Each structure stands twice: as C-alpha cells, then as structure tokens.
Amino acid sequence: MARLFKEKRKGQLKERHLHLGLDFGTCYSKLVLRDYDAREDKCLVIVPEVAGQRKSNYLIPSLVVLWDGCLHFGFQAQEIASRSGAIEFCSVKIRAAYPDSFKEEAEKLPKNFTYEDLSILVILYLLQVSDHFAKAYAMQFNATPKLTMTTGAPMGALNQSRLQGIFLRMARSAYEAFGIKGLPQLQGIKLEQASEFLKFARDSITKQSAFGDPRDWVRSEAEAALLWAYRSPKVGPGLYACVDIGAGSTDSTFFKIVNSYEGKPGNGVWLKDRMAFFGAVSEHIGMDDIGHAICRHTSSTITSVRGKEEHMVKNLPNEVLNPCNKICETYQKAFSRGYELDKRVSAWKNYGLFLIGGGSNFSRLRSQLHNMSVWPGQLSPPKPCDPGQPKDLKGPDGKDFIDDPSFLLVAYGLSHYRAEVPLVTNPSDIQPLKIERPTLSIDHENFYSKK
Amino acid sequence: MDETAPPNIIFKPGDIVRRKRAPESVGVVKESTWSDQIKEWYCAVRFGTSLKTVPATDLELLPEHVDPWADLIQGSFAGAEAFQMLMTFERLHKPPTRISGSFGSAKAEFLPFQFKPLLKFIENPTGRLLIADDVGLGKTIEAGYILQELQARHPLERVLIVVPARLRRKWRDELERRFEQKFDVINIKMLQSFLRKLDSAREPDSFSWIVSYESVRKEPIFDGLDRHRPSIDLIIFDEAHRLRNPETYQHRAARALAGCADSMIFLTATPIQTGMDNLFHLLNLLDPDAFANLSTFGAQLEANRPVIKALSALRGTNPEPDLAKSSLIRLQENPLTKSLTEGSFFSSIIQRLDMSSSLSREEAVRLQRDITELSLTAHIISRTRKSEVLLNYPQRKPNSLKFIFSAPERRFYDAVADLCRLTGLTGRERNTWGQQMALIMAFRMTSSCIPAAVNYFRERSQQGEGILYSALLQKEDLDDNISEPMAIDDNASTPLTPATNRFEKILNDIAPPPGIDTKYDILYKALREIFEEDNRDGRPIRKVIIFSFFKRTLTYLSSRLAEKRIDHRLITGDIAILEREEIIDEFLSNQKIKVLLSSEVGSEGLDLQMSSVVINYDLPWNPMVVEQRIGRVDRIGQRSPVVIIVNLIASDTIEERILLRLYERIRIFEQALGEIDPILGETVEELAKEALSCQLTPEEEEKKVEQAAKAFINQAEEARKVSSESDTLIAADQAFLDEIESLFGHRRVPIPEELYKFLRSFIMSRYPGSIIPESVMNEVGEIHLQPQLSNDMQNLPTMDIDIQRVAHKILKGPFLATFSNMAILQHPKAELIFMRHPLLLFSVKCMEKEADRIHRGFSLIIEDTQRFDKGYYIFSINQFEIGGFRPRTELVPLFIRLKDKQMLDPENSEDLMVLMLEKPLTNEEFQNSSEFDIQNTKQRLQEIFQGVLKNLKDREIGLNKARAERRRATIEATLRGKVEAARRRLDDLKQKQAQPFAIKMSQDRYAAEQRRLDVFLSETGEDGIFSIESREIAIGILKVGGDIQ
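Sequence lines, in order, name chains A and B.
If you want my numbering, it's the position in the first sequence, counting the first as 1, plus 17.
If you want my numbering, it's the position in the second sequence, counting the first as 1, plus 697.
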C-alpha cells in the first residue's frame, strides 16, 4: 500500500502539536486531527488502517464485542460480531451515561465491567487509531506527535453535574491509559489486561489534583457541531437555529453569535467572541428511525437502507415519513424553550437556519424544515444558511476534503482547542427577559414648575 | 503521568508576537494557558479578527525591526498567499503612474489605448487637449476617464459638455452608466436663467451640464458668457470639427467658453476635413498663444516634421537611433525649433541616441517620451488610429433581401404614394410644411409595414381624429432621433380634410386583407435561416437586432414573433432609460431571447456588441441613422469576426431606387464612413421627395443618385487624404501607448483576479459574515458586506463622496458587483470594483497602518519550468519611488540563480516576477537555510541593488534636470500667460465699469492664476523637484520546478 505521507528522517525529531477531535458516536465514531504547528490552519480526517490496509471510510464502528474472553473494537468487532458466542455491546456511551435505564442489559456485561469501562476502552482504542495516524503524519516533518484530545457529549448531559462527571472521567481515564508505556494494541485484549489498564488509569486520575479546564476534555456535541458555522467567514453575527440530524439523535438549538468591538473607536476590530444558546433540545430520533420505518415496509435491513432513504421512500406510504415530523418537533421545542427567555417577536425575526448532520442531506426533511414557521403567523420561515466547506479540513492525504462534511462537523469542532472555542452561554445561564409595560409617571410639581 | 508544575509564563497579554513557522502571522496575545494534557503553555492570540490557539513554542515577540533576511536565514518565511497579498497592496499603495487609479474604472471594456489621452492631459500644463481618434475608438470614454481623474484629484464644481443636440441624451446616459457621473441636460432657457443670475451678481451654483451647440451658439448666450466669464473647471466639446470655421456662431461661442474654462477638451475624428486650416482653428481655440496665426501654423507643422520622423525611427521592434538622431539635428536648422536644441535637454537626448547602438524597448520608449517634448503639437493633440490598436475589427457583411409586393400590397402602396404626391407634394392644395411632413410620414409608414400602417390609419379614423393629424402623428410615431425636434407651425394641427377623406376611401377599398404580409414572411424566413445555421454549426444562437423607424411597426412585429414563439424584447424611446437597461440586460444575458426590436432612440447610447446581426426592417432617409444603427453592434468589444447587415427592401419602390441604390453606392453597409456631412442627409431626403412626387424619370433618378454618391465619395476621399498627410506632421503618440501597455504587460498594475483576492482576504478576515463569491471575479454576482464595514468606512477621515456612497450602499443590504469590465457591460447597474474603488481604497488605508508588521521574506515555488532553469533562486523585489517632472514608481526585480550565482537579465527577471505573481506556491519544505548560502547571496543582491539605484539616480537626475529646464520654461510660460490674460480681463472689466460681481469674479480668477504661478515657482528649484526613494519590498528564496531535490 502506498504511504500517505513522505517520511523524512533528518537529525533529531521535533515535537508536533496535534489535537484530536474525538466524536464518540452512538453507532459510529469520527476522528479529526488538527495540526497546531502547521503554517496554515489544517486538520485531517483520520481514516484508520486495519491490518495494514487503509479503510475506505472514516466512520469507525463504536461497537464493542466480547468473544472468546477478549474484547474487540471497531472494524474487528464488527467482523467478529456474527461469530457464535460473540456478545455485542452497542451504544455503550448512552448506556454509560444512563446506567439505570439499561439495568437489564447490564447483566450480559463481563464480570466487574460497567458500560463506563467499555466506553473508556472505546475511547482508548480510538486514541490508539489516531496515534498511529498521527505518527505517520508527523514523520513527514521529521517530528513526533504531541497529542491532546477533546471528546464530545450531548449538550443536555453537560448541564447535569453527575453526567458531566461521568463524561469527564471517561475522557481522562482513557487519556491516562493511553499514556501507559508499552500499552499494547487493544484489539483482542483479554478482559484481565483491560481491567488492569482501567485500574491504573482510574488510580492516576484520582491522584491528580489538577486536570485543567473540563472543556479541554469534554465539550458539548451541539456546540462542537456549530463551531464551523461560528468560525466560517461566511457567517456573521446574528441569530441562528441549527438542527443536527444524526443517525440516532437530533439536536436542535437556537443561538446567537455575538460580536464585540475591540480597540479604540475607528482603529479597532469587530470580533465574533461568544455563542449564546437560548434553547437546546436533544432527542433520540434520527435518520435510523426513518430507516427502520422503511425496513418495516420492505424486506431491507437498516444497514442496507442507510444513505438510500431518499430513493427508497419514493413508493412507500407517507407514514414512513412520520419520524420527520418528530425531528421537526425538536426544532419547534428548541424554539419554545428559547421563547421562554424572550417573548418579543422582534427578538426572533430574520434568523438563519443551519441544517447539519447526515440527515440534512435528506431533501424531504430539508424542505420540511426550511418551510416551517416555528411561530406561525408571526415569523416567516428562516433564511437557509450554509457556512460552506471548511477550508482547513483536509482528507487523510492532506489534500482538500471535497466530500460532504456534514458527518464530520462534531469531530471538526472538537479538534479546535482552547482559544478557538468561543465562550458559550447555555440556556440555563440566560435570564428571561421581563417585558414591563411602560408606565407614564408625571412628577406634577416639576412638570408645572418647568412650565 | 506525573504532575508537572507549570514553568513561568513566557508571553503576557498584550504582547505583540508572530509565529515562528509563519512570520507573516502577527498578532496580540490575549492570554496564556497551561495544558494539563501535555504539560505545555498554549497562547490565545488574536490575528486580525480571529482568535487562534498557538503553542507557545511556536511564538516569538515581534522584533522592533523586522529583518526579512535574518528571518530567512533562520528558516522563517511567509507563504504564497502572503506574497500575493503584499504585492497587490504595494502596487495599490504606490501605483506606477499618477493615472493608474483610473485603469479599469469605467464600465467599459478595458482598452489601454483609451488612457493615452488621460496621460497626455495630465502631463500637459495648459489643461487643453484635442482628442482626434478615429471613429469608434471610444472618445466619450476617453473624455470620461479625464473627467473622472480630475474629479478624483479635486472635486470639480462646474463641468460643461457641449454636444450636438441629438447626442445630449447619449452623453448623459453614457456618463451615468459608465462612470456614475450624473449630468443634467439643459436647454437654452436654463442657460438664460444662469446668465440672469450672473447679471444679478449672484454666485453661480455648482453644475454638471450637457448642452447642445444649438443652444450655446445664440449670440445673447455667448455674449453673456464672454461678459461674465464664469469660472468652469472643465469644458468638453464633442464633434469639435463643428468649430473649425471661425466665421460661425459655434466657433464664437466656443471662444467665449474657452475664456471661462480651466481645462478644455475637444473631441473629433476629423480635425482635418478640407485642409490644415481646420486643425489650426481648433488649436487656436485651445491655445491661442502657441497657435497664434494661420500664416505661421504651416511653418510650425513643417518644423515639427523632424520630430515626427525621429519618433517613427524609434517605433517598432527595430529602433533606428541613428536615423532618429539625424532627424533631430535638423531641428537646429529651423528658426522655429532652434531654441529647443540649445538646452541640455536636447543634448542629453542626442547623447543617449549616440550611446544606444542597440536600444532596449524600455529605453526606446523613454527616448520617445522625451523626444515628444520637443514636438510643437504633441502636448495638445492625442491621436489614435484604428489600424494601430484594433487589428481584428469585424468585417461587415451586407445582404439586401429584395422582395416583390403581392398585388393587394402593391395597390395599397401605390395608392398611398399617389395620395401623398397629389395632395401633399405637388397637388393643388398648398399644404404647410407640417402637413407635408405628415404625408411623407404616412408614406414612410406604409413602406415600413403595410399591416401596421393600415391598422394605425383605421384606428385614427375610428377615433374620429383625422388620419393625418400631423402634430399627433409626429408625437406618437416618431422618435426624435437624428436632429432637433422638427419645428411644427401652427397650421399643422389642422386636419387635412381632403387627404383624410381620400385615405378613408383607400382603406375601405383597397387595403390588403389581414394575413397578407410579404415583408414579414421574408423576415421570418431570414431569422429561421440564421438560427438554423447557428444550430447546424453548433455555435451559440446569434442575437439579432431588428430596427424600425416606427413604433407601430415594432409593436406589430412583436406580436407576429410571439405567434411564432420567438423570444424577443422591444425597446423604444417611450420606455424609461432604466427600464430599457433592464430589458437590454435580459436580452444580452438570457440565451433564450434571440431578438431585440428597437427604434433608433430605444437603443441610443446602448452597447449591443454582444449581438452581431442587424436587420433594417425599413431604411432610414438619413445615412447617419443607418450608420448609428450598425454602430450599435459594430463597435469595440464585438467578438464576432463578421457583422451581418440585412436590409428588407420591396422591389420597385423609392426605398429600392433611391435609398438602397445610394447607400450601396457609398458602401455604407460595408464600412464605417466616419463623420458624415449633414448635407448628405438633406440630399437624400430631397431626392426621396422628388422621387415620391414623380418629378424624375428613372434615368434622372439614377443620375441624381450617382451624383450624390460621387460627391460624397469624393469628399470622403479628400478628407482621408488630408488626414493621412497630417499624420506625418502631428502624430507622435506611440510612446504613450507603449508606456501604458508595458505597465500591464509587466503587471505593474494588479489584474482583477489579484484585486479580488486582495479584497476578499481583507474583508473576510476583518468582517466575517461578508460574502464575496469567487464568481464576481469574472461575472456579476451578489456581494454581502457586514454593516460594521460601512460604519468603519464612514469613520475614515476622508471627504471622498464615493466612499460615503459605497458605505451607504452596504447598509442597504447585498448588492451586485463584479471585478470584470466585460461582465459589467451586460449589467451596467452593478458596482464595478477597480483599483480606485472605495472598498479597495479603504482596505489599503487600513493595511497602511500595519505596513511595518508585514513580513517580507518568502519561500516560494513555481512549478512551470518551460522557460527557466530548474533550481533555487534568491530574489529581491525593489521599489523606486521617483519624484520630479514625471513622477512614478518603478518595481525592479532581481534574481540570482544559486547553482552558478549568475544574475538573471532584466527581461527574464521581469518575466519570472510575473510568474511568481500568477501562480506561486508555498515551499513548506524549506526549513534549513544553511544549504543556500543566503548570507553571501544577500550581499551580492544588495550590491546589485545599489548599482541599479546609482544608475537610476544618475540617469534620472540628469534627465530630470534637462526635462525640468524644458518643462519649467513651458509651464512657466503657460502659467504666466494665464495670469496675464486674467489681468487683462480684469483691467478690461474695470475700464468698462462692469458689474461689481463680474469684477469680483475676475479678481478671484486673477488671484487664483497668480497663486498657481507662485506655487509652481516656489516648488521648482534650478534642478526641478526631484527625489528618489528606494526599498526592498519582498525578498526570498524561489524554487523553480516542483520536483528538484
């Protein structure tokens, strides 16, 4: 197989600062690696190599499979899942966040393992995949990677301290384990060995008193998905809505990009410096629900339907599109939450609508969302907005990424580190605007004395 | 992992830093934060308007003095995008000549030769110029460039444009559409009111007026102007050959206006029609001191001959300096030119010619420019011949489709002709002029389109208004296209009862039944053939313009074409100009619309060169109108090699026997005839009338047509001969054109693509949310700019009203714009972004403030290796800002090939720099400079730079001194002449005890002229004003060929 990068070895290796945006999805994960030492803004989509062969797709299964006393991850897990005696663990991230909702399923977990453990191991596996790619990439600059990482979590989860703690712990533990010298590749790892790594990682993070800003480790997926919209030179300050339609969930948000003037009058600059979220709703409804509806009317499987929904719904009854209405409802709900903070029509006029995520390519859904008024009779349908293609997003070979970036926007957003991530005001931080009826008070004495 | 305590912070908030790996990125540290993940400091740095995370290890404090060489030696360099941005900035900031800002500023095709008059005008201290270009080269645009340049330097308070009446609207529309200059067309009443204001001692307001010769040539008007001499910043006379007879009122009016004008421009294609005296009278109006009397003018021209010969010798690819020298030496023999040869200027030219056995193109151009200074006429005449600049102008291909009327059509046509003859032209009823005209129009309408004429006559009859109600007929159906509106006497409003009755009888008895229209059938067949031919040849469908003199004919044709589903549009003078432009936009841009139906007025002033087929549905009775119709498409910008002209003519009609015969004889359909004497128009009309009245036998008709044609041909031939002879006496302009073309060839001015990239990069980095799509580079597209930009533009301390205009436009929302002069032709209402556009001016002003921080060391790659040896080159691009009598900025690129340490010759260096501007790439691989011996090469380059500077200084100081000597004398004489004239005028007014206000105005003028002279004298020392400033604007390492190791 041809090498992606020309390797150069001249003298001592330098360090290259690379930051990984790790979008740990329910079904699939996506990885984007940002090079902070490149001359120009640049981040690369990671397409993993399996057994020396580069995959054709950047979607890495988030699946974990237990077979023959070993844990398997990613593509290998997908292969092994069909073998007899293999136990599949799907959507481990959601199960880790809400263990009480999946108590029954916990029974099939290996002894002394939790869904949180499996999630840590998935993140660790993804870190290893990224590291492999990062090393090859850095070598062309005669360098070794210095890797940092941020993972994502649903915005709703980060509003609750318990869930925030879980996600933060998962990210930090995986990163600590990743630092273990001589850590073997996780594929086919024995349960006992996995247990050891997890113990080591947990102990390490317990000992650490400082771990920096939690947002270095975990940020909201909704916010990350919008980071390109925020940074895009095509998008100015103003009010926007965004519906991010994924395979299993939809995140709808109403937010404002706020700018401020920095410098002396006439000699300063306008900076976009903040995102204020007025309403955010995350629901477990997505393209897979449309896919399942299609499966019910055809003899297809969900995997064969994915990406072909547009064509397949053509001759099916309208009820197949019922999930579209539910997706639209999340958008409506997000507005309703924002509306509670500001009930003036003028506050919501002329907003722009971003549609992102894989589902945004489904034209029926697009047009339904674009033509819908969230406040019938008061607000016209919004202006469709397109932030364009991120210029800094490159394919795994370093050339411009020309495919649809919709699926990658969360990982792309997470690949930004620190200052590049705007300050975010969540709905819970915004005080509802009280509209007070103006009253006319006349100070009679003054009034007459002035006369 | 072990916990590590953070080491001390390296950068504090507010520190100005740059990236080591990309030193062009200079920013301000907002904060430094410790990363617990990798135990390192990261900084938040604001670059422009974006906040970025940068590892502290990649940052350094910005040095007080950025030394790009030192940076390059350390392997620190900027990339290709920064190089392009810097080079565009530098060329906008310090343009190569004083007139560069005007390049591409008109909504017209960009043609370098059209800037020649501007360059001459700016260099001529008298502020007078005769633009004598051939027909069709765009004299209006050339005058517009001068007007715009003067406006940009100093707002003009009063501008007057004097034109033939028929061209008033065209001028107003052209100036508005192409230059966004708003002018009012005024009539004699407004001139009278203006004079009354002066009479009552009130200060005249600012104005931008267009007025006709017919209005200013009235004696009270020009007497009044001469009496008050109101100060007018600029006066332009179009078709100035009208002024060549000093006996006429027009000439006297021009002389009075010349006394008021600060600057004055004459435009004519035929400054010489019958002899050199024509030219003299024009020059005498422009500069009475230099061209004082006719008797010496011939001697002046003769004395000029050696200069013209010398210039010719230096023109072309093989200049002959010896021939040039021997010609110039002859100037010493002529008493009129002897004084020119006595100064150091002349001897410096001879010396340069002596030294130049083989002249470089640049030096030949420089010499020509200096020799031009010796010409007695060159400073005041700018002349460009079509053959010099338009090598492939389209060929006209005429095709007259003759057809035979069907029997009913023939009967109707003959009946109307008889009626006109019997009742109007030769009958017993003695009709007024207006009534005669009405009859002729009825006849012409019938010739144009029988069904439209029948319908019209019937309508009038049913409304009971009388068919030949001449005043109404004229108002409704004639576009006032060729001359002043025809005077109509009072009797014209009387219905022609006998004619009306007979007309009604003709309509009832012999009008052809509906559905019979042989002419239309021929037209439809012709259109089909054109479209089928295009289909067959697989080329885009040609757009066709069908002209008719009558709106009724056009409306009728419109309904017939609609029946056949041929997409078309209709324009007439009834449609408001803005709406007409929209229709034209649609016609030109929509592929489906194949046909435009137009009256003369409808298309007046509009450029329709995107179409290449003209159909004359009827033939005008004036050859000038024929020329105007064809001229709409046969003009600069016509891309088709052939312009098809189709004439639809019924056999055995007056149109065939008189008009077509004469027009074919004088070959009007085949070639542009230049200025046509109005007499020919009158002759044609008389001939047609005579033929209509049946006063001529067929033989006589033929004879008369032949006589008229011969007279015209002789006159045209004579004019051509005289004009051609005059070229050997007055034409001396090639060097100006060469100079302008060299600026473009060597990319001394940024091309639209560079302007687009520069503006986009600037706006997008500072005003996010703005949208400037790439398509606007070549097409018209919508751009969206953030309101903050408008705010900042309005805060810019400038009085430039154009900046305010654009700032307001931004606030209104997205607007159409383009960087392409070609695209704007199809969408004239869009904003044209050129070098001096407010958006670019603003961007440059903002960047100026940060110029010290710009990184100027680059590492670039050029992959195209066809011409240059592969390998590494060290380069420096140097800017020389030269002040003095011919101020300019020169860019001098220097390259040293690393392989053999050889320096590239100037010509190759120029070409390599152009390649670098066109398609540079960043050389990311270059990190270790030790292989390149940069230190030594730098020293070598700087030595060469010093050598270039010394040579330039030696040459320019000497030349400037010599030029100063020559120019100072000329300018001083001109300014002193103006002071003297103003003083004489003042004395005269005082003596006549004129009104106090007139005396005050005259005093002001005298004071202004005196001030101008004083300033000039104080600013110019013995050696003239001279300065030269030089600096390296970019340096770096260039890799030619992508795959070398």
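You may find that some hints are simply not true.
[Stated by the list, open to error] Some chain B residues close to chain A (C-beta under 7 Å, calculated; not the full set):
no.	residue
1	Ile713
2	Lys717
3	Ala719
4	Val723
5	Val725
6	Phe744
7	Thr750
8	Pro752
9	Ser1472
[As the list claims (entries may be wrong)] As a list, the in silico SDA-like pairs of lysine to any residue whose alpha-carbon atoms are at most 20 Å apart:
no.	chain 1	residue 1	chain 2	residue 2
10	A	Lys59	B	Glu1622
11	B	Lys736	A	Lys411
12	B	Lys1083	B	Met1544
13	A	Lys251	B	Ser1041
14	A	Lys325	A	Arg381
15	B	Lys736	A	Leu185
16	A	Lys59	B	Gly1478
17	B	Lys1099	B	Ser1084
18	A	Lys152	B	Lys1035
19	B	Lys717	A	Asn159
20	A	Lys343	A	Thr223
21	B	Lys886	B	Glu873
22	A	Lys416	B	Glu1622
23	A	Lys59	B	Ala862
24	A	Lys31	B	Ser1045
25	A	Lys59	B	Ile796
26	A	Lys411	B	Thr1619
27	A	Lys31	B	Gln1639
28	A	Lys400	B	Gly1478
29	A	Lys281	B	Phe904
30	A	Lys251	B	Leu1513
Since the hints were derived computationally from the structure, they do not count as laboratory data.
Note that the structure is predicted; figures quoted are calculated from it, not measured.
Built from N, CA and C at the ideal position, the CB exists for glycine as well.
Checked hints:
Taking 7 Å as the C-beta cut-off, the interface hint given for B/Ile713 is violated, the closest approach to chain A being about 13 Å. With its C-beta approaching chain A no nearer than about 9 Å, B/Lys717 sits outside the 7 Å limit, and its interface hint is violated. The interface hint given for B/Ala719 holds, since its Cβ lies 4 Å from the closest Cβ of chain A, which is under the 7 Å cut-off. Annotation: interface hint on B/Val723 violated; nearest CB of chain A at approximately 14 Å, more than 7 Å.
Look at B/Val725: its Cβ only gets to about 9 Å from chain A, farther than 7 Å, so that hint breaks. For B/Phe744, the suggested interface contact is broken, since its CB lies about 10 Å from the closest CB of chain A, more than 7 Å. The restraint placing B/Thr750 at the interface with chain A holds, with a minimum CB-CB distance near 4 Å, inside the 7 Å limit. Nearest Cβ of chain A to the Cβ of B/Pro752: about 5 Å, under the 7 Å cut. The hint holds.
For B/Ser1472, the shortest C-beta to C-beta distance to chain A is roughly 14 Å, which exceeds 7 Å, and the interface hint is violated. Distance hint between A/Lys59 and B/Glu1622 is fulfilled; the C-alpha atoms sit about 16 Å from each other, no more than 20 Å. At most 20 Å may separate the alpha-carbon atoms for a hinted pair to count; B/Lys736 and A/Lys411 exceed this at roughly 28 Å. Of the pairs offered as hints, the one joining B/Lys1083 and B/Met1544 is violated, with about 42 Å between alpha carbons and a cut-off of 20 Å exceeded.
Taking the CA atoms of A/Lys251 and B/Ser1041, the gap is near 61 Å; set against the 20 Å cutoff, the hint is violated. With a C-alpha separation of about 13 Å, the suggested pair A/Lys325 and A/Arg381 falls inside the 20 Å cut-off, and the hint holds. Under the criterion of a C-alpha separation no larger than 20 Å, the hint pairing B/Lys736 with A/Leu185 is consistent with the structure, at around 18 Å. Distance check on the hinted pair: A/Lys59 and B/Gly1478 sit about 30 Å apart at the alpha-carbon level, beyond 20 Å; violated.
About 35 Å separates the Cα atoms of B/Lys1099 and B/Ser1084, which puts this hinted pair outside 20 Å; it is violated. Taken as a hint, the A/Lys152 and B/Lys1035 pair is broken in the structure, with Cα atoms around 83 Å apart against an allowance of 20 Å. Taking the CA atoms of B/Lys717 and A/Asn159, the gap is about 17 Å. The hint holds against a cut of 20 Å. As the CA atoms of A/Lys343 and A/Thr223 are separated by approximately 42 Å, the hinted pair breaks the 20 Å bound.
Of the supplied pair hints, the one linking B/Lys886 and B/Glu873 is violated, its CA atoms being roughly 24 Å apart against a limit of 20 Å. Distance hint between A/Lys416 and B/Glu1622 is fulfilled; the C-alpha atoms sit about 16 Å from each other, no more than 20 Å. Between A/Lys59 and B/Ala862 the alpha-carbon distance is near 64 Å, which puts this suggested pair outside the 20 Å criterion. Between A/Lys31 and B/Ser1045 the CA atoms are separated by roughly 63 Å; this puts the pair beyond 20 Å, and the hint is violated.
Among the hinted pairs, A/Lys59 with B/Ile796 is inconsistent with the structure: their alpha-carbon atoms are about 42 Å apart, more than 20 Å. Restraint check for A/Lys411 and B/Thr1619: the C-alpha separation of about 17 Å stays at or below 20 Å, so the hint holds. Under the criterion of a C-alpha separation no larger than 20 Å, the hint pairing A/Lys31 with B/Gln1639 is inconsistent with the structure, at around 35 Å. For the given pair, A/Lys400 sits about 19 Å from B/Gly1478 by alpha-carbon distance, which is consistent with the 20 Å threshold.
Using a Cα cut-off of 20 Å, the hinted pair A/Lys281 and B/Phe904 is violated, with the two alpha carbons roughly 40 Å apart. Annotation: proposed proximity of A/Lys251 to B/Leu1513 holds, straight-line Cα distance about 17 Å (limit 20 Å).
In summary, the numbered hints that this structure violates are 1, 2, 4, 5, 6, 9, 11, 12, 13, 16, 17, 18, 20, 21, 23, 24, 25, 27, 29.
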